[in-house]
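**Q** One line per chain: the protein sequences are Z and E, in this order. In this text, residue positions in the first sequence follow this note's numbering: the first is 102, and each later residue adds one. In this text, residue positions in the second sequence follow this note's numbering: the first is 12, and each later residue adds one.
Think of the hints as simulated: they come from the structure by calculation, not from any bench. Ideal Cβ placement from N, Cα and C applies to all residues, glycine included. Some hints here could point you the wrong way.
[Stated by the list, open to error] Once the Cα atoms are required to be at most 30 Å apart in a straight line, the calculated BS3-like pairs of lysine-lysine come out as:
1) Z/K385 to E/K181
2) E/K52 to Z/K147
3) E/K38 to Z/K147
4) Z/K135 to E/K331
5) E/K38 to E/K181
6) Z/K259 to Z/K385
7) Z/K551 to Z/K240
8) Z/K135 to Z/K240
9) Z/K529 to Z/K385
10) Z/K385 to Z/K147
11) Z/K147 to Z/K135
12) E/K52 to E/K38
13) Z/K589 to Z/K104
14) Z/K135 to E/K52
15) Z/K259 to Z/K104
[As the list claims (entries may be wrong)] To give an idea of the interface, some chain Z residues facing chain E are shown, with a C-beta separation under 8 Å as derived from the structure:
16) T111
17) G122
18) S132
19) M133
20) F136
21) M137
22) P166
23) E167
24) Y293
25) P330
26) D364
27) Y547
28) K551
29) A564
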Amino acid sequence: MSKDHNAQKTCWNCPALELRGHVDFRACGQSMRKFMTEGQAMAECKRRPELGLFDPASLTFEECPEWEEGPYGYQLRDMRVLILGIDGYLGWTLALWLGSLGFRVAGVDNFNRRRWVAEEGSHSVVPIAPMEERLRAAKEVLGIEISFREFDILDNEKLRQFIQEFQPEAIVHYAECPSAPYSMVDFQHAAYVQHNNVIGTLGLLFAMRDLAPEASLIKLGTMGEYGTPLTGRPIFEGIFPADAVLQWDGREWSLGGELTPRDPVSFYHVSKVQDTFNVYESCKYWWLRSYDVMQGVIYGVHTEQVAADPRLRTRFDVDEWFGTVINRFVAQAVVGIPLTIYGSGGQTRGFLALRDAMQCMTRLILSPPEPGQYDVVNQISGVYRVRELAETVARIAADEFGLEVEIQRLENPRVEADEHPYEVVYEKLPQQLGFEPQVTLEEEVYQMLKLLIQPSIRSRIEAIRQVILPKTRWSGLHKEMDVIERYKVRPRRVVGLGAEGGGEDDPER
Amino acid sequence: MEAKGPRLAIIGLDGVPYELIRDLAAKGVMPMVDELFQEGKLDKMASSVPAVSSVAWSSIITGENPGTHGIFGFTDVAAGSYRLTFPNFAQLKAPPFWEESLFGRSAILNVPSTYPARPMNGVHIAGFVAPDLTKAVYPPSLVDQLRAWEYEVDVDASSAHQSLELFLRKLNQTLDARTRAFLGLVERPWDTFMAVYTGTDRLLHFLWPAVTDPRHRLHEAALDYFRRVDHSIGRLVERLPEEAPLVMLSDHGFEALEIQVNINRFLLQEGFLRWRRERPRSLNDLAEGSVAFALDPARIYLHRKGRYPRGTVGEDQAEKLVDQLAAALAELRVEGREAVARVYRRQEIYHGPQVDRAPDLVAIPAPGIEFKAGLEADSLAEPAAPFTGKHRGDNAFLYVRPPEGHEQPPQARSVQDVQPLLVWLKNSLCQSRRRNDE
Ligand SMILES: NC(=O)c1ccc[n+]([C@@H]2O[C@H](COP(=O)([O-])OP(=O)(O)OC[C@H]3O[C@@H](n4cnc5c(N)ncnc54)[C@H](O)[C@@H]3O)[C@@H](O)[C@H]2O)c1
């Protein structure tokens, strides 16, 4: 795997850098302003004060002894990473992943997610331990010390205190409500999701401005921010490439560098778009640096660390609000519920396995943008149609586990196109950050089936059977969907794009 | 506590040329200075090579040449790397005069290149480059007082790019705050007092024609700044003991500027320099085959093997390359005129234990031309605007008002003769005191 994606980055990108001001030799003068176009930036290293004042562009990661070679590129020794939403599906997995790579990890959560899932009468079908036990097991089994604080990140005072104390060099922001259906239940839920997500992020940005301006923010957005443009124009990585052009009325303008259009598909997705603008503006106003991660739908249960002990497992939800599509299919296959797809099932989305998502996040953390730089990555490893996924899961369940699996097409509870073009550009992670996917869809589906089919877990799926099928409609009606068609996938059938049947589940949630 | 003993005061005016201070005094723009000039002797003095403040003031306060004090410019390259550093007081390899007991308790205010401040007998406020006020001041308890005076280490010269009027306003504000600090601290006990006005240099960089040309729209405004400086000096001198000897000086002179010449561009064009990437970000992008590079303003270093990570120039090739570089520089012409007034080789100007770190060559520009060593320049020469003034090495000034009843001390011809002069003055004071005591 490529390790040298960040070798030539300089102190300018490093969170240990403290910008001190500028000197303009032509005027023999200094300016205390940290960011200027005139003159020469002067910096100090918070980790190596003995270097004195120096030009931050003149030292590369490769040369700096604080950056050591690691499996995912040069790695800042004992780099301090703060994970907001550390109790969640991705947060907990990342905490253990980074911890075992030698990062110093701290995290915040208020267990919102556990409550939201309980609100629906559901639970994580893979049992998860309470936080104290998780932390203890991390220490015992993996030797990882995680510093955890329980509070709502909307409590800005507490957030500031913790940032001040921990002095993060990177902040991974997962602490949002991630469910589209949940945000569509009623006004209260929509308002709650938007408040939690938008105001939480805004407070974080102000805290970073004041207390951690050099830290790199890795902010989770979603591919759902873009929607699915029906013209078929490519979905760029958030920002138009330099040679994009707008033509109208016989005239022409460059679009290079501008944010691309967003077309969110639920009030949850709207909250992510609002976040995008808030983050973008703070980079502009305050020289913060951020990756806005347009993440595809994550599937899977496995990393080496979460599989190391039952107390270290990450959550796995399959209910209509919080389950993501492939994870839900696997659970449905295990308990004999037909895999549910919406409409024609032709919806196409970007996906990424849990373990690959962890690799991507590590690479992003290790390759901080420059001060003031707002960057966007489309974080997916492949694009699939939902009905194709259902068929893949059904086939593996039948072939490898002898399960009898049906697929059913339901009326679509959402307002979305179920047949549409979809061309996603996802080049930065593989081309600039050295990301190489390590997991195939088939392998991970197999692994998930293997875990979920265990009687103890199967019975936990059975117990929440009634909340698996969708009832939350975008129209506001709360009622089960009518079945359009039901069909069986025969074993050993080769499935390709455009196969008949289909419907879809909820790609994101 | 009242300080006892013979007292000595030094006032610095960064960048003010001999001819300018002489004329401003004579024409009544600086009446206080004129009055002082009647009581002592004004001379021309040579600056350091290169004539930049960090090098010149380091020589002034130590009495040494850069080969001994180790400060060769505002920037340097850390050994064994391409890390561009901003050497400061911590890297100064010779002691400043106030660390000798002869000078007693001192107030050292706004002397460039004395950051970070370190413990000493007295008070110290470092001059530029001093990015963090809390580290620029000794004792640290003085920081709050300085903040109350709204003290700034340096005017933010970037405002000059927006408006010269705005820049002048900021210069005045910075000067007023500096005067408050100088006057506040001159009242405290000291044996040696040194205060430097640095806004003069900033002003001359952007407003040289306004100062020298009576038809310039900002002529009066620029002269007003010197009136304010004069007034500030007057109030300071009032508070000095009358019998105390006074030294007034600048670190380098100035002259008009028209063209900026980019020395690294020249080295590139002549094949001495090569980059590893199209747009170099720093010296770290020097390619293996480069034989030389320049640091501001025109310090040329051979890319020596063993000294730089990708250096290839061996000891045996050095002399020949220096000859080639000197010959090429002598030929350098821009806009039809010769650009180089003189090329110094290391051994002509530097001596002492730090000489290995010295540039191999230093080029001195012809009148009207300024050398710069930026990396990204696309052309050899470019208009210097909005900069209109540049340093000059041969017309700094030195004024001495000897202690009462003493002759003029031996003349200081260059910046590194200043410290011996200060020692001479202190010694003669001690002797006369001893005589008086007898
Ligand atoms: N899982 C996916 O497929 C996917 C895809 C794209 C984007 N994302 C985004 O990634 C992030 C993490 O997703 P996840 O699947 O791990 O979700 P999750 O709900 O499991 O994790 C979010 C965590 O944040 C916590 N949290 C929420 N609001 C909080 C608050 N105000 N204060 C403190 N803690 C709070 C929750 O308790 C939860 O533990 C989310 O922002 C989500 O939108 C996820």
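**Q** Should the interface hint for Z/T111 be scored as holding, given a Cβ-Cβ cut-off of 8 Å against chain E?
**A** holds, 7 Å
**Q** Let's test the interface hint: is any C-beta of chain E closer than 8 Å to that of Z/M137?
**A** holds, 6 Å
**Q** Classify the hint on Z/Y547 as holds or violated, based on whether any CB of chain E lies nearer than 8 Å to its CB.
**A** Violated, because the Cβ-Cβ distance from Z/Y547 to chain E comes to roughly 46 Å (cut-off 8 Å).
**Q** Decide if the proposed pair is consistent with the structure: Z/K135 and E/K331, CA atoms, cutoff 30 Å inclusive.
**A** violated, 43 Å
**Q** Taking 30 Å as the top limit, are the C-alpha atoms of E/K38 and E/K181 close enough?
**A** holds, 26 Å
**Q** Hey, does the Z/D364 contact hint survive, CB to chain E under 8 Å?
**A** violated, 36 Å
**Q** Need the status of pair Z/K589, Z/K104: alpha-carbon distance at most 30 Å?
**A** The given pair, whose Cα atoms are some 45 Å apart, is violated under the 30 Å limit.
**Q** Are Z/K135 and Z/K240 close enough, with their CA atoms no more than 30 Å apart?
**A** Cα-Cα ~41 Å, so violated.
**Q** Take a quick look at whether E/K52 and E/K38 sit within 30 Å of each other, Cα to Cα.
**A** Since the Cα atoms of E/K52 and E/K38 sit roughly 18 Å apart, the hinted pair holds (cutoff 30 Å).
**Q** Hint Z/P166 vs chain E: min CB-CB distance below 8 Å?
**A** Where the cut-off is 8 Å and the nearest Cβ of chain E is about 11 Å from Z/P166, the hint is violated.
**Q** At a threshold of 8 Å, is the proposed contact between Z/P330 and chain E supported by beta-carbon distances?
**A** Violated: closest Cβ of chain E sits about 35 Å from Z/P330, beyond 8 Å.
**Q** Does the closest beta carbon of chain E sit nearer than 8 Å to the beta carbon of Z/M133?
**A** Constraint on Z/M133 satisfied, holds at 7 Å.
Hint violations for this structure: numbers 2, 3, 4, 8, 13, 14, 15, 20, 22, 23, 24, 25, 26, 27, 28 and 29, all remaining hints satisfied.
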